[in-house]
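Protein chains: 2
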Amino acid sequence: MNLNLPNFYSIEKTDSHSQARAGILNTAHGRVLTPTFMAVGTQGAVKAVGPDDLKAVGSQIILSNTYHLYLRPGPEIIRLFGGLHRFMGWSGPILTDSGGYQVFSLSAIRKLTPEGVTFKSPYDGSQAFISPEKAVEIQNALGVDIMMCLDECTPYPATLAETEKSLNLTLDWARRCRETWDPGSGQALFGIVQGGFYPELRARAAEEIASLDFPGHALGGLALGEPAQERLLAVETARGKLPAEKPLYLMGLGTPEDLIQGVLRGADLFDCVIPTRNARNGQLITRRGRLNILNSRYKTDQNPPDPDCGCLACRSFSRSYLRHLHQNRDPLYLRLASVHNLYYYLELLAGLRQAILSGKTENYVRTFYAQNKTEID
Amino acid sequence: MNLNLPNFYSIEKTDSHSQARAGILNTAHGRVLTPTFMAVGTQGAVKAVGPDDLKAVGSQIILSNTYHLYLRPGPEIIRLFGGLHRFMGWSGPILTDSGGYQVFSLSAIRKLTPEGVTFKSPYDGSQAFISPEKAVEIQNALGVDIMMCLDECTPYPATLAETEKSLNLTLDWARRCRETWDPGSGQALFGIVQGGFYPELRARAAEEIASLDFPGHALGGLALGEPAQERLLAVETARGKLPAEKPLYLMGLGTPEDLIQGVLRGADLFDCVIPTRNARNGQLITRRGRLNILNSRYKTDQNPPDPDCGCLACRSFSRSYLRHLHQNRDPLYLRLASVHNLYYYLELLAGLRQAILSGKTENYVRTFYAQNKTEID
Numbered sequence: 215m216n217l218n219l220p221n222f223y224s225i226e227k228t229d230s231h232s233q234a235r236a237g238i239l240n241t242a243h244g245r246v247l248t249p250t251f252m253a254v255g256t257q258g259a260v261k262a263v264g265p266d267d268l269k270a271v272g273s274q275i276i277l278s279n280t281y282h283l284y285l286r287p288g289p290e291i292i293r294l295f296g297g298l299h300r301f302m303g304w305s306g307p308i309l310t311d312s313g314g315y316q317v318f319s320l321s322a323i324r325k326l327t328p329e330g331v332t333f334k335s336p337y338d339g340s341q342a343f344i345s346p347e348k349a350v351e352i353q354n355a356l357g358v359d360i361m362m363c364l365d366e367c368t369p370y371p372a373t374l375a376e377t378e379k380s381l382n383l384t385l386d387w388a389r390r391c392r393e394t395w396d397p398g399s400g401q402a403l404f405g406i407v408q409g410g411f412y413p414e415l416r417a418r419a420a421e422e423i424a425s426l427d428f429p430g431h432a433l434g435g436l437a438l439g440e441p442a443q444e445r446l447l448a449v450e451t452a453r454g455k456l457p458a459e460k461p462l463y464l465m466g467l468g469t470p471e472d473l474i475q476g477v478l479r480g481a482d483l484f485d486c487v488i489p490t491r492n493a494r495n496g497q498l499i500t501r502r503g504r505l506n507i508l509n510s511r512y513k514t515d516q517n518p519p520d521p522d523c524g525c526l527a528c529r530s531f532s533r534s535y536l537r538h539l540h541q542n543r544d545p546l547y548l549r550l551a552s553v554h555n556l557y558y559y560l561e562l563l564a565g566l567r568q569a570i571l572s573g574k575t576e577n578y579v580r581t582f583y584a585q586n587k588t589e590i591d
Numbered sequence: 215m216n217l218n219l220p221n222f223y224s225i226e227k228t229d230s231h232s233q234a235r236a237g238i239l240n241t242a243h244g245r246v247l248t249p250t251f252m253a254v255g256t257q258g259a260v261k262a263v264g265p266d267d268l269k270a271v272g273s274q275i276i277l278s279n280t281y282h283l284y285l286r287p288g289p290e291i292i293r294l295f296g297g298l299h300r301f302m303g304w305s306g307p308i309l310t311d312s313g314g315y316q317v318f319s320l321s322a323i324r325k326l327t328p329e330g331v332t333f334k335s336p337y338d339g340s341q342a343f344i345s346p347e348k349a350v351e352i353q354n355a356l357g358v359d360i361m362m363c364l365d366e367c368t369p370y371p372a373t374l375a376e377t378e379k380s381l382n383l384t385l386d387w388a389r390r391c392r393e394t395w396d397p398g399s400g401q402a403l404f405g406i407v408q409g410g411f412y413p414e415l416r417a418r419a420a421e422e423i424a425s426l427d428f429p430g431h432a433l434g435g436l437a438l439g440e441p442a443q444e445r446l447l448a449v450e451t452a453r454g455k456l457p458a459e460k461p462l463y464l465m466g467l468g469t470p471e472d473l474i475q476g477v478l479r480g481a482d483l484f485d486c487v488i489p490t491r492n493a494r495n496g497q498l499i500t501r502r503g504r505l506n507i508l509n510s511r512y513k514t515d516q517n518p519p520d521p522d523c524g525c526l527a528c529r530s531f532s533r534s535y536l537r538h539l540h541q542n543r544d545p546l547y548l549r550l551a552s553v554h555n556l557y558y559y560l561e562l563l564a565g566l567r568q569a570i571l572s573g574k575t576e577n578y579v580r581t582f583y584a585q586n587k588t589e590i591d
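As given, the protein sequences belong to chains A and B, one line each in that order. Start counting the first sequence at 215; every next residue gets the next number (the numbering used here). Start counting the second sequence at 215; every next residue gets the next number (the numbering used here).
In isolation and in its complexed conformation, chain A is listed as follows (with noise of 0.2 Å):
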């Protein structure tokens, strides 16, 4: 049971074949209902897509970044809108990333010690540095309604004793953003799980993480070019050395399958860039595949990318249409395409609640796997 936030998540229901439930989040900043999909605003918006389409989608919490954020524009120009929600337009519930990801993924240039890193600012070349205490600082400031821990996120692949070192380290941090946290601030802090993809260290993560009792847990280092069966190993490993009754978070999954396999694993919580960044790049996912919009097949096509799908995109363009838009660079493909797969992501999910609501998920999924193993394109 959570003693810091006892209302934080409760279950409604959970899966008679499957570690699956269906759960609501009670934030600062309103109601999440689980499994659920954040989309992805790194910088303070999810890119070219307004707070008014995430509402539209039914985005219910979206996810943003520590680590931009803190460089661009900053956490003081933040804290004058009195948070992120204000600053950004979104009245709803937002979880920010520690940026421990970023920080070993963007700088090359850092310097890691047991305090914190520093690095330098890939936006203007100028010294950071983040510790532990300091990522909840700044999402203090932030005022999000979930603050992730700072972490490092082991590379893929790294050996067993690289893994643990880097281990090490994230669970001395996550005691330090632990102790940092005021449980009073209305603010949920989220524990990361780190361990690579050695059980015996995944499954010592997850103790210990446990054992510090957080609101919630998040499992990272997960996607980074491991084969989709040691992904799951970890994942299991993990779930099982963590309280069910606390929410759990797959960070940086995934493709759609990702997210059907791991809310079977009993995650509950979802971020990744795919589906806006692959909209962007003319990649529309639908109930019957995916599309690459810049095919020549559909210049002549009518059709709405995905007839079956209800989405701004869907019910007003035409494939022809959006091909049109995407061949002359028109901002308007990057809305429309975005709106269409972020529309996919969060039905997908809350599709798959109704189903475990009523009993029906095996069948839910076994209709997915059917109408997604089509190549369309």
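Hints were generated in silico from the structure; no laboratory data involved. Careful, some of the hints might be misleading.
If several chains are the same, the list does not tell them apart, and a pair holds so long as it fits within one copy or across any two.
[Unchecked claim] With a straight-line Cα cutoff of 35 Å, these simulated DSBU-like cross-link-like pairs (lysine-lysine) come out: (1) K513 <-> K574; (2) K227 <-> K379; (3) K334 <-> K513; (4) K325 <-> K269; (5) K227 <-> K325; (6) K348 <-> K513; (7) K325 <-> K513; (8) K269 <-> K513; (9) K574 <-> K379; (10) K455 <-> K513; (11) K455 <-> K325; (12) K325 <-> K574; (13) K348 <-> K227; (14) K513 <-> K227; (15) K334 <-> K574; (16) K379 <-> K269; (17) K513 <-> K379; (18) K574 <-> K348; (19) K334 <-> K227.
Place chain B on chain A using the hints.
Relative to the frame of chain A, chain B by itself:
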């Protein structure tokens, strides 16, 4: 009186101190209350702005471009959709420019004969040909509500002889467009008055175009770099020779001041890339002057772009946030900024229309100039 489309345009009220009038255009896709501004959707889309946003900013009629649509996606594709309206998802009236201006401004390699103009597509280098007859036929295929005659846009500056030669071609082409036009199509055709900045040629152009009995008229060849006084003289000269009971469209104009001055001289329709292009470049127009969102003073500015504006951007976002989006090159910036400037333009003319109807034109214009004398940036 308009013999071909007798109910196409009616005047509700003419101002007692100027030629300004409030009118109604009846098109196949609905009524248009004039004076009004047409957002520019050159390639079958107003860059970054969807039809939903266009409706929200008060767009009644939009402009697209025959030249661009002819080259891409091509009229045969738009014909598949039964016209441009369904292709682009805009159910309101559409006016298309004929492409004359683009042939001369965008195609370096072109060959002009009395028959028509041969030019190289800037999209793929292929050779294309447009004649007056073909311009009307393409616009038939597009199914637009108001078609424009093919004309030659006389460059500025040009000698009297050059201007006269160019005008003669435009007048010949206007006659041929007029003969090709089928009034039974439900599409209106506007004649274009050229004649450069020689009052005798503008007057002759207006007289000859008027004699061809088009449903409406346009003035072309303006806003090419000429002084404002020459531009206003050209408008006044042409207006004096055109029947007041037909609608007048000032092509390619302009600044808010151009719109006000045009309406005072009897113009009803306007189009210009200024509001949308300037928006994309960072310039937002407000009721207190223009501001450049890139200016560092806006970094911490919590005010909306224009506190007196009711657009989507001003209702939900601050100057600080729009600047942040622009810095991050987020396409959402392009949408919000374009929406804001279009809202300003449309409200400016909707307000002027109300002022004309209530006999307060002079007062409205005075207030406009008092507010707009400041550059707040």
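For which of the previously enumerated hints does the structure constitute a violation, in increasing order of number?
1, 2, 4, 5, 9, 10, 12, 13, 14, 15, 16, 17, 18 and 19
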